[in-house]
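Student: Protein chains in written order, with the working numbering: chain F, 1 to 170; chain H, 1 to 685.
It should be emphasised that the hints constitute simulated quantities derived from the structure, not laboratory data.
Since this is a predicted model, take the numbers as computed values, not measurements.
Just so you know, even glycine gets a beta-carbon here, dropped at the ideal spot from N, CA and C.
Be a bit skeptical, because a hint or two may be false.
[Said to hold, decoys possible] Distance condition first, Cα-Cα at most 27 Å in a straight line; then the derived BS3-like pairs of lysine-lysine: (1) H:401 <-> F:146; (2) H:551 <-> F:125; (3) F:52 <-> H:401.
[Said to hold, decoys possible] Pair ranges (Cβ atoms, derived): (4) H:615 <-> F:112: 38 to 48 Å; (5) H:141 <-> F:99: 18 to 28 Å; (6) H:345 <-> F:29: 19 to 29 Å; (7) H:11 <-> F:23: 51 to 61 Å; (8) H:562 <-> F:96: 20 to 30 Å; (9) H:175 <-> F:123: 49 to 59 Å; (10) H:600 <-> F:96: 28 to 38 Å; (11) F:69 <-> H:547: 25 to 35 Å.
[To be verified] A few chain H residues that don't get close to chain F, going by computed Cβ distances all over 12 Å: (12) 22; (13) 48; (14) 285; (15) 431; (16) 563; (17) 614.
Spelled out, the chains give:
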Amino acid sequence: MEQTASVEKVSSGKMKFLVGGLLIAAAIVYLIISSTQASAQYFMTIGELESKGASIEGRDLRISGAVIGESIQYDPELLELSFMIADIPGDNADIEAQGGLAVVLHEAAIDPNRPRLQVVYSGPKPDLLRNEAQAIVTGKIGEDGKFYANELLLKCPTKYEESVPEQAGS
Amino acid sequence: MIADFGYGALIVTLLVSVYGIGAAFYGARKNLPAWVESARLAMLLTFPLVTISALCIIFLLVNGNYEVEYVSSVTSSSMPTYLRITALWGGQAGSLVFWSWLMALFATAVTLRNWHRDREFLPWVIVVSLVTLAFFLILIIFFENPFQKLWLFPDNQVVAGLSQPAGSVLFFPRDGQGLNPLLRHPGMIIHPPMLYLGFVSFVIPYAFAIAALITGRTDDRWIRVTRRWTLIAWLFLSLGLILGGRWAYDVLGWGGYWGWDPVEIAAFMPWLTGTAFLHSVMIQEKRGMLKHWNMVLIILTYCLVIFGTFLTRSGVLSSVHAFAQSAIGPLFFGFIGLTFITSLSLLLKRWDELKSETQMTSWLSREALFLLNNLLFMGILIVCFWGVMFPLVSEIFTGLKKTVGPPFYERATGPLWAGLLILMAIAPLAAWGHSTIKTLGRAIWKPFVLSLVGIILLIVSGIKSVPALLGFWLAFFVAAVTLQEFWRGTRARHSRSGESYPLALWRLVGRNRPRYGGYVIHIGVVLMAFGIIGIELFQHETQGTLSQGEKIQLGEYTLTYESLSIFDSNDGRNVARAVLSVEENGKYVGELFPRRDYFFESQQPMTIPGIKSTWEDDLYVILVDWQPITSQGATFKIYRNPLVNFMWLGGIIFILGTLIAAWPTKDIETVRTRERHEILVGATG
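Okay, chain H solo, but in the shape it has when bound (with noise of 0.2 Å):
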């Protein structure tokens, strides 16, 4: 009953979606406002729609109706409500429903903000988003239905269906089978709806840069009214990436945090070019540049974003991320394909308008400094592409299937990387349109000195691995040039002003937060390549077996065997967990309780590391085997990760600076025109 209401719901959303899109087209083409209003209303009308559809799919969740197949194979009794809730995006067929429920959120978001400015607009930016909708609708109507339900052959055959199949009768399975344990962690509960947030919020900067080309508004018009869109679309992408890499590191006992699994990797395309983006944007607010390279950028986003989706659904890649596969992969590959083209296509009959106003004219300046940014981001999304295209292509190409693991990632990236740090020790620096050497010199030379200092005390500290040097050094760099910056401002207002220097500060960052919010940003890049070099070069391992009371070592620390106990807990699993007392050069600093637990209903272990965690290193104990009847003996695989909690630091820091750029400032509109007329006129004049 509920079953078939929550999916009449979503037949109902198609229907309004594909009206809603005829209306906006129609009002469009024949100039009449009443249709599009019509077809607005359409659009507001799909989240209701929708949230009625995703709240029947938890109702039975919650209400354990296994009848149904999706909530048989993602929940089972003995899971708490709150992850029944969350099961809704546990399996594949639901996540599109909540996917889904994202898009309609954000398309009602964007109908009801102000349109009087740019009227014209608004029936593309529905037919974009109505568009996008309708195909994840079709998508889960068609081919991955949450509502089909178990039925029950008098030969004992059990199919799933949407309707009942003669001679059968609805089947009631006694139990689920559980969300996979491993995706019962805050961070995989977190996770998946974060990237679905960035995913979904780049739509609607797509759609504006698609309702530009169309209308022929080819100002970067589009681009000051989805600016706030693209930054809260990346704060959730990189707020998603950055927690599924806590939750490696706390649930799959590696010792790492990122795999470079092509599923990781389709997180990650859409935002390098998102990062693109946000960058090159800048240089056509300021200099009028680039604008063929921006619409580029953000239809390669939508069509990355739609990748994703595809890549992480389709299981056409072999990846730990075990989804089932299906056949919904030529479906995305025909609305990625339709969607590139028509994009395509609107940009070049729009070319000759976008010209650039002014003239890039030397290296130095800070346009083409921004440039070079985005060419490194485009060529790490290149590396990222062929790494995961290689398999494919090489099988078509040479009828051999090869692939290219994390060693390939790490070895064309790394100097990409390392470029990019540089560039953000420069870039700042450096004026628009013209710097010379001399001007920049002037500016550098302070942090460059107190980076090599930096780097001096840590080769008579005894660090000689060269990539390592390296790398601190340029963190450093990126981090005295942007400390300066600050410092360069706040004493300014000081100065002017007479303001103590937390208020001058304050002051300045509340004056140009898509600036500062910049800085901050950077800063956190910075503490994220402390803790990135710091495990990736300097991680120790050991392992072996102990009997009570035995030791280990690694580096200063001791760690010894106390005891082990085993024992089932009320929610359906066996725990096996150890007790170790940890030493430091000799001093005891605590005990570490790594465990495995044994989750009975999916008949899965999953690892739990002890972690000793301080600013230095984490110390990361995997319990790996033992001696279950005599208790005696126990295996143990050992890490040392130094300075890996600068990296989760550096990612809290780089959040909350997103924040401070995307927090909504007033007039920002008039502030900005003025800055940039005042550059005009400083360019010519």
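If we strip away everything but chain F, and leave its shape as in the complex, we get (with noise of 0.2 Å):
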């Protein structure tokens, strides 16, 4: 008698812990997914970005583009950032085949074929915004086709491991 009271007791205790831990568990599955759909951000590249046309109005996006180093227009006084990216492409795997990202960049930067996409900022110009940079830019495109950009990343590969350092003497 005392011994299934003591069984029944023993599975009852199991059922909390397992609804308490499902709920929990539904919880954060809850949490990821609503997160997920509130701030996810395409990924594109700018040669994406004229195909899709339309469908992408109002997105959060995320591109990322060689720096056209003419085309940095920058006013200190009301901090408005304006310049010009050119498409490369948007899986590592590709400008690792490609010869690298400096090449890719360097390539990008230079041909005048490529399509490129005007960006807007506003906010203080980083250290790193020169010619054949790799921009990461986050915002979304306006009705004039710019890109207004609430976010700006920088990345320059030349200044860590890939170049080659200049002769000595030269």
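The task is to assemble the complex, starting from two chains supplied on their own in separate frames and drawing on the hints.
Tutor: Listed below in structure tokens is the structure:
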């Protein structure tokens, strides 16, 4: 008699923890799904952007491209920054196959036929913004076709390990 | 010459490691202690060998041997000696050697411990440590070699390689490219070694766990042996994360300290599982439960350590941590996959032996609350993992590359952090085995009321933000509970033995360091929570271009742009430095000097903010731009970061608490065993 009572107690105890654990797991899953939906950004190349057209208007986009040095315009009074970026592959493997990030950025920046995108950003001009840097911009496409960025990340591969130092005495 | 020597030392280390793995394996299987001893000596030998190799790199770096590719990529002649030494971990290949060196150091430390009580673990601890070391040595020797030299062909092409290609001559560049200026900061010099130490020292508890699974000695001996290793690993990892935050705050000039960058998350994930592990091993030690779970946690932590190194090293994700991309990605994935599968199958083999000794009965018991704590940490881990993997997953399944940014992490982890704070307030007061609402209520009502009083004061003082009030309330609650614990223990000692209060407090902490160290860590977390709420919810910013003598206002601060000077420093920088005078409520309080350093050799500027720090807030000013010729106008971005210094203070206290918890204690084992025995007796009798 007592035996069965204690067995029941144990299993109801297990039930209690199972339900509690599942509730928490469900809450975590809900948090992840809802937060993903609320803040997902589409990572696109500039080439893909042109083919997508109106379907991406108003969406949060994240775009990477090679900075065209001569297009950089900066108004320090109003902190308004605008520059062009040129299409580069979105895939790391493609970049690698074409000779590495530094090469890809260089070729994109000097090729006038590559699709380009005008980026507008308000805020201080970042230190790394210069010709052939990789810009990763986050924001939305405006009706005027310009990209209004609210976040701007820059990478300069040449500053790290890929370039060969210049020759002594030259 | 030196380069070849260093490379040779690495190859010998690899051979010795492979021998050690084989000897340990053979000795354990055939039960031949002489072979295990030989393997132990082989493991001891790895440390001096890797040291030779690391010293060779340091020699090349300090000596300016720019014909070595690695040297010319991370140093230059204008760099001072200490920076040349730290350039050992300034680039990919060197930092892998540094990683291996630390791994060998910990492997040596573990071989030198007293093994007589757990002799049977030894061969398997050697196997796991040396396999990890050998994996990294293979990466260095075959894929990321810091000893490669530069070779010049007649057509002026320069190629990096180990041996001289036909028709080429050794190439001597005039100068190197120099260390990335962003990395020339004290925080950045110590931050990578701390993280690596944290990463590497988690290998040891994992090695013991695997040894326990293989030998079948699946009691909690492995946990007792590795408790301090785990705490030390956790200490270094925490320190690395905090220093990284401080570095970002001081150098990156965006007014923040943590950006949910994939590389940051890579270091954060093993910290999460490590923290969960530190809590859940207590349940196994006190109650003999969650044995499977602890195994899973330490296996996960080890895999995340390797995964973290992989994320920082492979360039698989786009990130501000712009390390070069390389071909070592598949190798890492292979290694992680292999260790994960091997570890899990070992665990499954021993599954039945790891059954719990007692049952969990009440949601309000301390073990249940600890289990909840584990669930929440795992929740945060899953959020982080999902966030990092989401771009890959979405590309594979939808063809669209999507990413999630900081808002995702903040939204998804915010409630989980809040849950952890609630647990931090309740769990210390809950009893092992069983608590009721009534007993818990009796223990908790005072701190609860106290925290409500605190919140009412905040509401009266005009704070309206609901998330902030909720956060502050939780922080107050935890602080009150934790301080009450100190108070209760101290008072009990005082009235029992008549010790003075300070002495009673000192002895209280000294007698039970893991517990009170843990509480000190909780206080640290509370202070950090204050700082994080302050900067995240109450940060104000403004920006503007000022001509000389013009003023700008932010809150109660008025800043006047006084002057700008531009000069060359003797270490290869061009410095633009502005002077602003600061008034608070119309009263002069000091000057700020935000500046911009331009490094000639790397052609890279670096923004250093001017910061005025008080406990109330930081006034954080960035020099954005200026008119170089006239020096008339300059643009500033100004942040007011309330309470941010509580975050740094909390970080220091957090580390102090960890030190207290990890401090060696005499005969801790006998004390523990007795305690556990009493609990078991109490629970059954």
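Student: Against this structure, judge whether each hint is valid.
Tutor: Hint check:
1. Under the criterion of a C-alpha separation no larger than 27 Å, the hint pairing residue 401 of chain H with residue 146 of chain F is consistent with the structure, at around 21 Å.
2. Distance hint between residue 551 of chain H and residue 125 of chain F is fulfilled; the C-alpha atoms sit about 22 Å from each other, no more than 27 Å.
3. At roughly 14 Å between alpha-carbon atoms, residue 52 of chain F and residue 401 of chain H fall within 27 Å of each other, so this suggested pair holds.
4. Taking the beta carbon of each, residue 615 of chain H and residue 112 of chain F are about 56 Å apart, not inside 38 to 48 Å as hinted.
5. A beta carbon spacing of about 25 Å between residue 141 of chain H and residue 99 of chain F agrees with the range 18 to 28 Å that was offered as a hint.
6. Under the hint 19 to 29 Å, the C-beta atoms of residue 345 of chain H and residue 29 of chain F, about 28 Å apart, fit the expected range.
7. Checked against the hint of 51 to 61 Å, the C-beta distance between residue 11 of chain H and residue 23 of chain F comes to roughly 56 Å, which is consistent with it.
8. Distance hint check for residue 562 of chain H and residue 96 of chain F: the Cβ-Cβ separation is about 50 Å, which falls outside the suggested range of 20 to 30 Å.
9. Checked against the given bound of 49 to 59 Å, the beta carbons of residue 175 of chain H and residue 123 of chain F, roughly 35 Å apart, lie outside it.
10. The given range of 28 to 38 Å is respected by residue 600 of chain H and residue 96 of chain F, whose C-beta atoms sit roughly 31 Å from each other.
11. The supplied range of 25 to 35 Å is met by residue 69 of chain F and residue 547 of chain H, whose beta-carbon atoms lie about 29 Å from each other.
12. With a least CB separation of 35 Å from chain F, residue 22 of chain H remains clear of the 12 Å interface cut-off, as annotated.
13. Every beta carbon of chain F lies more than 12 Å from that of residue 48 of chain H, the smallest distance being close to 29 Å; the non-interface claim holds.
14. The non-interface label for residue 285 of chain H is consistent with chain F: the shortest C-beta to C-beta separation is roughly 20 Å, beyond 12 Å.
15. The Cβ of residue 431 of chain H lies farther than 12 Å from every Cβ of chain F, with a closest approach of about 17 Å, so its non-interface assignment holds.
16. Its beta-carbon lying about 18 Å from the closest one in chain F, residue 563 of chain H satisfies the requirement of being farther than 12 Å from that chain.
17. The Cβ of residue 614 of chain H lies farther than 12 Å from every Cβ of chain F, with a closest approach of about 25 Å, so its non-interface assignment holds.
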